[in-house]
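Undergrad: The chain contents come next:
There are 2 protein chains.
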Amino acid sequence: MTRSGLFEMSDVGIEGRKIAFVGKAPLSFQADKIIDAHDCIIMPSLVNAHTHLSMELMRNYKDTASNLMAWLNEIFPIENKLVENDILWASRLGVCELIQSGCTLFNDMYFMQHRTAQAANEGGIRACIGMTLFGDEEDSKQRLAQKSKETATQISESEGRLHLDVAPHAIYTCTKGSYLYAHDWAKDHHCQLHTHLSETKGEVENCVKEHGKTPLNYLLEMGYFNDTKHVLAHCVHLTEDEMETLASLDASVVNNPTSNCKLASGIAPIGRMLGKHINVALGTDGSSSNNNQNMFEEMHVASLVSTALTGDITSLPPYQVLEMATINGAKALGFPEIGTLEAGKDADLIIIDTHKSHLTPLNDPFSALVYSTQASDVDTVFCQGKIVMEHRKITGIDLDETIRQTEICWQDIKSR
Amino acid sequence: MTRSGLFEMSDVGIEGRKIAFVGKAPLSFQADKIIDAHDCIIMPSLVNAHTHLSMELMRNYKDTASNLMAWLNEIFPIENKLVENDILWASRLGVCELIQSGCTLFNDMYFMQHRTAQAANEGGIRACIGMTLFGDEEDSKQRLAQKSKETATQISESEGRLHLDVAPHAIYTCTKGSYLYAHDWAKDHHCQLHTHLSETKGEVENCVKEHGKTPLNYLLEMGYFNDTKHVLAHCVHLTEDEMETLASLDASVVNNPTSNCKLASGIAPIGRMLGKHINVALGTDGSSSNNNQNMFEEMHVASLVSTALTGDITSLPPYQVLEMATINGAKALGFPEIGTLEAGKDADLIIIDTHKSHLTPLNDPFSALVYSTQASDVDTVFCQGKIVMEHRKITGIDLDETIRQTEICWQDIKSR
Chain A
14 MTRSGLFEMS
24 DVGIEGRKIA
34 FVGKAPLSFQ
44 ADKIIDAHDC
54 IIMPSLVNAH
64 THLSMELMRN
74 YKDTASNLMA
84 WLNEIFPIEN
94 KLVENDILWA
104 SRLGVCELIQ
114 SGCTLFNDMY
124 FMQHRTAQAA
134 NEGGIRACIG
144 MTLFGDEEDS
154 KQRLAQKSKE
164 TATQISESEG
174 RLHLDVAPHA
184 IYTCTKGSYL
194 YAHDWAKDHH
204 CQLHTHLSET
214 KGEVENCVKE
224 HGKTPLNYLL
234 EMGYFNDTKH
244 VLAHCVHLTE
254 DEMETLASLD
264 ASVVNNPTSN
274 CKLASGIAPI
284 GRMLGKHINV
294 ALGTDGSSSN
304 NNQNMFEEMH
314 VASLVSTALT
324 GDITSLPPYQ
334 VLEMATINGA
344 KALGFPEIGT
354 LEAGKDADLI
364 IIDTHKSHLT
374 PLNDPFSALV
384 YSTQASDVDT
394 VFCQGKIVME
404 HRKITGIDLD
414 ETIRQTEICW
424 QDIKSR
Chain B
14 MTRSGLFEMS
24 DVGIEGRKIA
34 FVGKAPLSFQ
44 ADKIIDAHDC
54 IIMPSLVNAH
64 THLSMELMRN
74 YKDTASNLMA
84 WLNEIFPIEN
94 KLVENDILWA
104 SRLGVCELIQ
114 SGCTLFNDMY
124 FMQHRTAQAA
134 NEGGIRACIG
144 MTLFGDEEDS
154 KQRLAQKSKE
164 TATQISESEG
174 RLHLDVAPHA
184 IYTCTKGSYL
194 YAHDWAKDHH
204 CQLHTHLSET
214 KGEVENCVKE
224 HGKTPLNYLL
234 EMGYFNDTKH
244 VLAHCVHLTE
254 DEMETLASLD
264 ASVVNNPTSN
274 CKLASGIAPI
284 GRMLGKHINV
294 ALGTDGSSSN
304 NNQNMFEEMH
314 VASLVSTALT
324 GDITSLPPYQ
334 VLEMATINGA
344 KALGFPEIGT
354 LEAGKDADLI
364 IIDTHKSHLT
374 PLNDPFSALV
384 YSTQASDVDT
394 VFCQGKIVME
404 HRKITGIDLD
414 ETIRQTEICW
424 QDIKSR
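Top to bottom, those sequences are chains A and B.
First residue of the first sequence? That's 14 in my numbering, and the numbers climb one at a time after it.
First residue of the second sequence? That's 14 in my numbering, and the numbers climb one at a time after it.
For the record, the hints were derived by calculation from the structure and aren't laboratory data.
This one's a predicted model, so the numbers in the text were calculated from it and none came from an experiment.
Careful, some of the hints might be misleading.
One copy or two, either will do: identical chains are not told apart, so a pair holds if it fits within one copy or between any two.
[To be verified] Within a straight-line C-alpha distance of at most 30 angstroms, the following computed DSSO-like cross-link-like pairs (lysine-lysine) qualify:
{"no.": "1", "residue 1": "Lys37", "residue 2": "Lys75"}
{"no.": "2", "residue 1": "Lys154", "residue 2": "Lys189"}
{"no.": "3", "residue 1": "Lys37", "residue 2": "Lys427"}
{"no.": "4", "residue 1": "Lys289", "residue 2": "Lys75"}
{"no.": "5", "residue 1": "Lys162", "residue 2": "Lys94"}
{"no.": "6", "residue 1": "Lys344", "residue 2": "Lys242"}
Build out the structure end to end from the sequences listed, making use of the hints.
TA: Shown next, in the form of structure tokens:
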């Protein structure tokens with residue numbers, strides 16, 4: 014499957030890190046290894062454009078609290094106890110889960126990000142490693158100095174798979190000074206910026222009360238968007254005017270429908286955003302508010318809730334949802350070398366086994382991928398031309414040991 | 014896991030068709046076969062309370078049509094061409110898909126229902142086999158005479174796993190005479206009744222226009238609910254008054270959130286219905302509007318869209334969703350012998366392998382089952398004390414052959 018459509022009974026050739034051809038193999042092409050993908054779909058691997066990977070630890074933890082604040086009051090004390098070893102094992106687990114559901118690029122925002130970078134490198138996949146900021150300008154200054162230094166080795170060893178990003182958390186946790194310092198640092202170091210925006214009604218109302226304007230306009234007017242590239246997570250509550258503004262910026266929106274529903278934040282108007290040519294990507298958010306990293310599930314939920322919101326069954330066709338989870342994610346995160354299946358692009362692709370009860374008959378493959386396919390149907394995963402999972406077995410990380418160690422970390426964290 | 018809560022490190026004993034004990038094995042209990050369920054959850058198998066199983070054939074078929082009517086205009090000509098052999102293979106496929114996602118009881122409404130009954134018997138699972146009615150009283154009379162006769166053998170050979178139901182399709186396809194004939198036949202033969210109700214706004218508006226009352230009141234006033242037990246699929250558009258009425262009837266509602274979202278019908282107010290003590294079960298609807306028979310996915314979507322609708326994260330806790338998919342389904346369909354894990358009940362249960370990246374750490378098992386678990390995590394399935402799937406292998410039906418034959422049927426149908 015390519016962006017422009019569908020090839021049937023085709024071959025896909027990989028040479029080094031690149032896709033050599035899609036369609037018919039040139040006579041000159043000599044393969045070292047041949048994979049029989051009969052009864053399979055080959056497609057670009059998925060992009061998870063907003064997550065907090067190490068929150069794997071808090072999966073299904075106290076999430077039946079009576080309200081959002083009560084739940085956060087359970088989560089924050091846990092986060093205060095985390096150490097690098099916890100982050101490393103949780104990130105390894107997260108990388109395994111991402112690969113097993115067909116994802117080879119994720120956009121992360123969390124603490125001790127160099128351990129998440131390490132896990133991504135071990136798993137052989139791509140990531141935008143966010144240097145997460147809280148507090149005021151002085152906090153941001155210190156954090157960026159420290160975080161950029163501690164992550165440098167992982168970035169340089171990643172062969173281009175890792176990008177370093179600047180991630181001021183949100184307008185209600187970072188001051189204007191913090192945002193502006195983040196902006197300047199990102200501009201000077203040619204980094205993207207990644208923040209949460211307009212996730213809940215309360216956030217918008219408080220911002221209007223405090224600053225006399227909506228979150229987007231608040232950031233816009235302080236100069237946060239000047240000459241920089243942006244990822245804006247959530248954007249559930251935007252006015253039509255704000256969407257028009259957004260369309261004129263170098264900014265992508267990340268839709269997180271499962272998390273937004275589960276936390277009762279609302280349903281983002283992604284059909285309307287796409288109609289205004291905003292680049293909308295898709296993300297799972299952290300596993301404590303999802304509660305997994307399954308991008309196939311996320312595509313399905315995005316499609317369902319968007320259709321329910323608009324009342325129009327044509328408002329978000331499956332092909333557009335697949336674009337959100339592939340090429341739009343690649344664009345959002347600044348990886349032009351991936352996102353479609355075409356010669357010359359990097360070979361980030363997945364092989365999906367369709368010989369399943371729930372994929373018979375297959376009929377429209379785009380519908381099948383969005384409505385019927387399960388993460389467990391992903392058989393083999395390539396990133397940058399290398400196999401990172403073959404017949405469901407992760408190649409770079411020992412999954413059984415990771416499950417064991419993550420459990421040990423989690424029991425230990427709770428007893429600290 | 015039992016209805017009343019959770020047992021850790023427990024054994025479950027099965028003797029004949031029954032659960033002999035849950036907890037600690039009595040010293041006297043001698044097992045012929047022992048299954049190691051370390052790192053597993055054992056829970057009641059799931060109940061799919063509304064589907065059209067043979068619509069497996071039209072999975073992902075033309076479902077990007079521009080509107081509902083355009084899509085139905087693609088589906089109806091296909092349905093007119095179906096023969097018994099198509100229904101048999103599609104039903105076998107559906108039974109495999111149900112078992113592989115942990116379901117051992119389904120409520121079906123479709124044509125040539127004796128072939129669906131045959132497939133359920135082959136797979137060794139339970140079903141309510143609906144005798145589907147369209148048209149007027151005379152149509153219903155003829156159909157019931159024929160259908161009850163042609164299904165009799167399968168029912169009697171099912172050892173109680175199959176019930177025969179009367180299923181007038183909907184108020185816009187059946188006359189009042191048809192509904193009343195169905196009612197009387199069901200009453201005389203001690204059968205349940207199963208119909209679609211208030212699925213779309215259009216259905217409600219047309220009914221008010223034509224009959225001067227809402228669909229529920231239309232059926233109520235004609236006497237359809239007198240002295241009979243009912244399953245009402247969808248109920249997306251009910252007033253508060255109608256919900257109060259429903260609570261006083263011997264009627265269960267089946268929520269089909271995926272289908273309702275996908276077809277832009279709306280989101281049913283299930284939190285409010287449960288609050289009024291209406292028995293709300295869960296169903297997938299047919300695979301042409303879902304597009305699979307995955308009750309784990311259905312639980313997840315039910316929870317998400319209900320929370321988004323109410324804006325209240327406590328409105329439908331995971332445990333209540335699990336009840337909808339187990340005990341509420343069993344109650345709705347009239348199978349008091351199943352739905353919970355307790356001694357004396359029939360052994361309809363599933364073993365879920367939690368040694369997975371996406372189920373680590375497990376934390377709250379109820380959250381894990383609703384938010385994180387995949388159908389593919391179901392390892393082994395029992396129905397009436399017998400293993401119908403062991404380590405993902407279906408015991409009663411040859412899945413590979415079924416996939417092959419269903420494909421052949423489907424290619425043939427399209428060329429007829």
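Undergrad: Hint by hint, note whether the structure agrees.
TA: Against the structure, the hints:
| no. | hint | in the structure |
| --- | --- | --- |
| 1 | Lys37 - Lys75 | between (53 angstroms within a copy, 28 angstroms between copies) |
| 2 | Lys154 - Lys189 | within (13 angstroms within a copy, 75 angstroms between copies) |
| 3 | Lys37 - Lys427 | between (56 angstroms within a copy, 29 angstroms between copies) |
| 4 | Lys289 - Lys75 | between (39 angstroms within a copy, 27 angstroms between copies) |
| 5 | Lys162 - Lys94 | within (23 angstroms within a copy, 68 angstroms between copies) |
| 6 | Lys344 - Lys242 | within (11 angstroms within a copy, 55 angstroms between copies) |
When the structure is compared with the earlier hints, no violation turns up for any of them.
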